[in-house]
Amino acid sequence: MVAQPLVAIRDLYAEFVTIDGVARVLNGVNLTVQKGDLLGLVGETGCGKSVTAMTIPRLLPEPPTRYPRGEVWFRGENVLEKTGRALRELRARHIGVILQDPMTGLNPVFTVEQQMVDAILSRRGELDARPFTGWLPSNRQRRQEARRHAIQLLHRVGVPEPERRIRAYPHEYSGGMRQRVLIAMAVAGRPELLIADEPTTAVDVSVQAQILRLIVSLVREIDLTVLLITHNIGVVAQLCQRTAVMYAGNVVESGSTRQILRSPRHPYTRGLLRAIPTDGVLRGSLEGIPGSVPSLLDPPPGCRFHPRCAHARAECTAALPPWIEVAPGHYVACVLYADGGASTAELLR
Amino acid sequence: MSEVILRLHNLYKVYPAGGNHAVRAVDGVSLDICAGESFGLVGESGSGKSTLARLIPRLVEPTSGDIIFAGQSLLDLTERELRKVREQIQIVFQNPYSSLNPRMTVRQLIAEPLLVHRRLAGAALDERVREMMRLVGLNPEHTNRFPHEFSGGQRQRIGIARALVLEPTLLLLDEPTSALDVSVQAQILNLLIDLQARLRLTYLLITHDLSIVRYMCDRVALMYLGRIVEQGSIAQVFDHPQHPYTRALLADVPSTDPDQRMLEHVVLETDITTAAWSGRGCRFSPRCPAAQVAACQTIDPPLRDIGAGHRVACHLVGGREGV
Chain A
1 MVAQPLVAIR DLYAEFVTID GVARVLNGVN LTVQKGDLLG LVGETGCGKS VTAMTIPRLL
61 PEPPTRYPRG EVWFRGENVL EKTGRALREL RARHIGVILQ DPMTGLNPVF TVEQQMVDAI
121 LSRRGELDAR PFTGWLPSNR QRRQEARRHA IQLLHRVGVP EPERRIRAYP HEYSGGMRQR
181 VLIAMAVAGR PELLIADEPT TAVDVSVQAQ ILRLIVSLVR EIDLTVLLIT HNIGVVAQLC
241 QRTAVMYAGN VVESGSTRQI LRSPRHPYTR GLLRAIPTDG VLRGSLEGIP GSVPSLLDPP
301 PGCRFHPRCA HARAECTAAL PPWIEVAPGH YVACVLYADG GASTAELLR
Chain B
1 MSEVILRLHN LYKVYPAGGN HAVRAVDGVS LDICAGESFG LVGESGSGKS TLARLIPRLV
61 EPTSGDIIFA GQSLLDLTER ELRKVREQIQ IVFQNPYSSL NPRMTVRQLI AEPLLVHRRL
121 AGAALDERVR EMMRLVGLNP EHTNRFPHEF SGGQRQRIGI ARALVLEPTL LLLDEPTSAL
181 DVSVQAQILN LLIDLQARLR LTYLLITHDL SIVRYMCDRV ALMYLGRIVE QGSIAQVFDH
241 PQHPYTRALL ADVPSTDPDQ RMLEHVVLET DITTAAWSGR GCRFSPRCPA AQVAACQTID
301 PPLRDIGAGH RVACHLVGGR EGV
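The listed protein sequences correspond, in order, to chains A and B. Going left to right, the first sequence walks through residues 1 to 349 as the numbering used here numbers them. Going left to right, the second sequence walks through residues 1 to 323 as the numbering used here numbers them.
Some hints here could point you the wrong way.
[To be verified] Negatives, chain A to chain B, calculated, CB over 10 Å:
hint	residue
1	Y67
2	E81
3	G84
4	G105
5	T278
[Said to hold, decoys possible] Short derived list, chain A residues pointing at chain B, Cβ under 10 Å:
hint	residue
6	T45
7	L80
8	T83
9	L87
10	Q208
11	L261
12	G288
13	R308
14	H311
Hints were generated in silico from the structure; no laboratory data involved. Glycine included, every Cβ here is placed at the ideal spot set by N, Cα and C.
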């Protein structure tokens with residue numbers, strides 16, 4: 001009865017081969033994105049949230065990346081089995097990506113117009129078409145038509161005076177305006193999936209609010225599914241219907257955003273939420289999580305959170321914890337919930 | 001309130017920007033910081049908050065104005081005298097990945113200020129380094145390790161130890177946790193709070209993160225394009241914000257409560273760079289969402305006390321005299 005999910009990542013392992021050894025960056029990730037979802041993927045630096053997302057368009061260079069196990073289903077096909085042309089087609093037509101830093105996402109030596117026109121044409125697979133111009137529209141006509149489209153897009157994402165501004169170079173744009181240009185380029189081909197990797201981390205809070213509003217309005221308008229990667233819990237709370245929490249290469253908890261924020265179950269999620277200074281928190285009373293994130297070159301066995309976990313038991317070091325549904329749609333990877341929640345009283349105390 | 005330890009009087013820093021242009025990074029700031037308090041200085045990128053911090057120990061020379069530290073004007077001092085005063089004013093920098101020399105050991109990093117100021121040598125120096133490491137929560141056995149062997153949070157502890165080793169009275173904290181993850185940020189903020197109580201430090205915390213200021217400061221000032229637009233106690237500014245800019249900033253911080261729908265209320269449509277200020281009138285007027293009066297376009301509003309030390313620079317907010 002449930003429709004086929006747009007993205008289904010199943011038991012995915014990823015490794016980076018480095019001079020110091022093999023970094024095991026994904027450790028059996030499971031993640032489902034339904035069509036129309038606004039899913040937040042949260043976690044701290046190095047937890048694998050970007051790696052997980054960038055696996056969908058296979059944007060990570062291989063080598064050093066390898067995928068020893070697992071499946072990444074997108075629109076009913078396993079992306080890990082695709083190669084060359086099929087992958088390019090996938091990236092051009094079906095997936096849009098916006099990255100964290102609007103300062104480096106655009107090429108400084110080309111005007112915004114040149115970059116947007118290229119992006120629009122490549123999304124249609126027309127960029128490297130032959131120079132043959134019989135009954136087909138000429139390159140020039142196609143570029144002019146793409147330029148008109150680019151101006152519409154800039155107008156749509158809120159760049160003022162797009163007819164004039166499109167001729168400017170990236171350095172003539174502010175950070176917030178550059179991020180708007182990148183969003184316009186990402187949605188130019190009407191992709192089904194938009195991956196937004198920390199889209200507001202490098203901008204001021206007032207610009208952040210504008211960018212988030214823009215993403216919400218695009219979702220409503222063009223039937224977009226969004227995978228939003230962030231470390232900012234406030235952004236997730238305001239934007240996302242569903243949230244998945246990652247720690248050291250695993251999704252440790254997932255559910256509706258309200259479930260995750262109101263009744264977090266995994267000890268890591270609970271610690272993370274307690275570490276955020278919010279309105280009512282008194283000076284000196286934030287808790288933080290003791291210790292620091294483990295090295296992925298030599299990760300701890302079993303649950304990778306156990307060295308920092310106040311509730312760790314012997315079995316936590318033995319094997320990956322089971323994936324348990326603690327409430328409808330709310331999953332947690334922790335042995336504390338394996339016995340149907342009998343020991344959760346201890347945790348919640 | 002206790003005695004004023006640092007007084008900034010009508011401080012300006014103007015950079016020439018070619019031709020007749022000038023960037024007024026700090027544009028007439030007056031500020032008193034009291035001994036033992038935590039003062040938060042908040043602003044967006046480009047507001048001049050970091051420049052202001054660098055003016056205090058004269059790492060950047062002010063264009064005009066005065067800096068009075070412990071009753072003494074720093075601008076009158078010779079280089080030699082200034083060096084002595086700088087022992088009292090230390091800085092913790094933003095990025096613990098780039099502010100520590102990667103080729104120095106922790107021992108060398110923490111001992112460096114003591115050597116520069118010729119305070120200690122030999123066994124006494126080593127003991128002092130170990131004492132500092134214990135103070136900031138590092139294992140004193142790791143004195144011969146290099147920065148890359150530590151995590152981001154531990155590196156910032158090294159940065160704090162370096163700043164504290166000369167026993168300063170005033171610590172300038174320039175975005176001390178913005179390069180750190182939230183679980184580590186909490187550890188560092190708590191360390192700073194603990195150290196302040198134990199060592200009777202005065203903090204000037206520079207940040208763009210309002211939640212950190214609310215968590216650890218006594219008073220706060222908001223800067224906008226080089227000038228303070230609102231200042232007061234945490235309760236005054238966070239619970240009764242007066243300036244339209246303060247209100248907009250507070251409204252734009254995404255709440256972690258999923259039932260508070262903040263994105264539906266549009267507050268600021270533009271950003272600090274696209275809404276250029278002509279140089280006349282209120283600097284916030286091109287972005288201001290409030291209904292404006294004629295004076296907004298012509299007169300730069302002064303920072304006025306609206307009662308109990310709550311100061312606001314806005315024509316729309318009535319001062320004591322009921323303007």
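Outcome of the hint check:
With a least CB separation of 26 Å from chain B, Y67 (chain A) remains clear of the 10 Å interface cut-off, as annotated. At roughly 35 Å from the closest C-beta of chain B, the C-beta of E81 (chain A) stays outside 10 Å, upholding its exclusion from the interface. With a least CB separation of 37 Å from chain B, G84 (chain A) remains clear of the 10 Å interface cut-off, as annotated. Consistency note on G105 (chain A): stated as away from chain B, and its beta-carbon is indeed over 10 Å from all of that chain's, at 17 Å minimum.
With a least CB separation of 6 Å from chain B, T278 (chain A) falls inside the 10 Å interface cut-off, contrary to its annotation. Taken as an interface hint, T45 (chain A) checks out: its beta carbon lies about 5 Å from the nearest beta carbon of chain B, inside 10 Å. Violation of the interface hint for L80 (chain A) is found here, the shortest Cβ-Cβ separation to chain B being roughly 30 Å, above the 10 Å cut-off. For T83 (chain A), the interface hint is violated, since its Cβ never comes within 10 Å of a Cβ in chain B; the closest pair sits about 36 Å apart.
Look at L87 (chain A): its Cβ only gets to about 32 Å from chain B, farther than 10 Å, so that hint breaks. Checking Q208 (chain A) against chain B by beta carbon gives a least distance of about 7 Å; that is within 10 Å, so the hint holds. Residue-level restraint check for L261 (chain A) holds (minimum Cβ-Cβ distance to chain B is 6 Å; threshold 10 Å). Here the hint on G288 (chain A) is kept, as its CB sits about 3 Å from the closest CB of chain B, short of 10 Å.
A cut of 10 Å between beta carbons decides the hint on R308 (chain A): the least distance to chain B is about 9 Å, and the hint holds. Violation of the interface hint for H311 (chain A) is found here, the shortest Cβ-Cβ separation to chain B being roughly 16 Å, above the 10 Å cut-off.
When held up to the earlier numbered hints, the structure conflicts with 5, 7, 8, 9 and 14 and fits the remainder.
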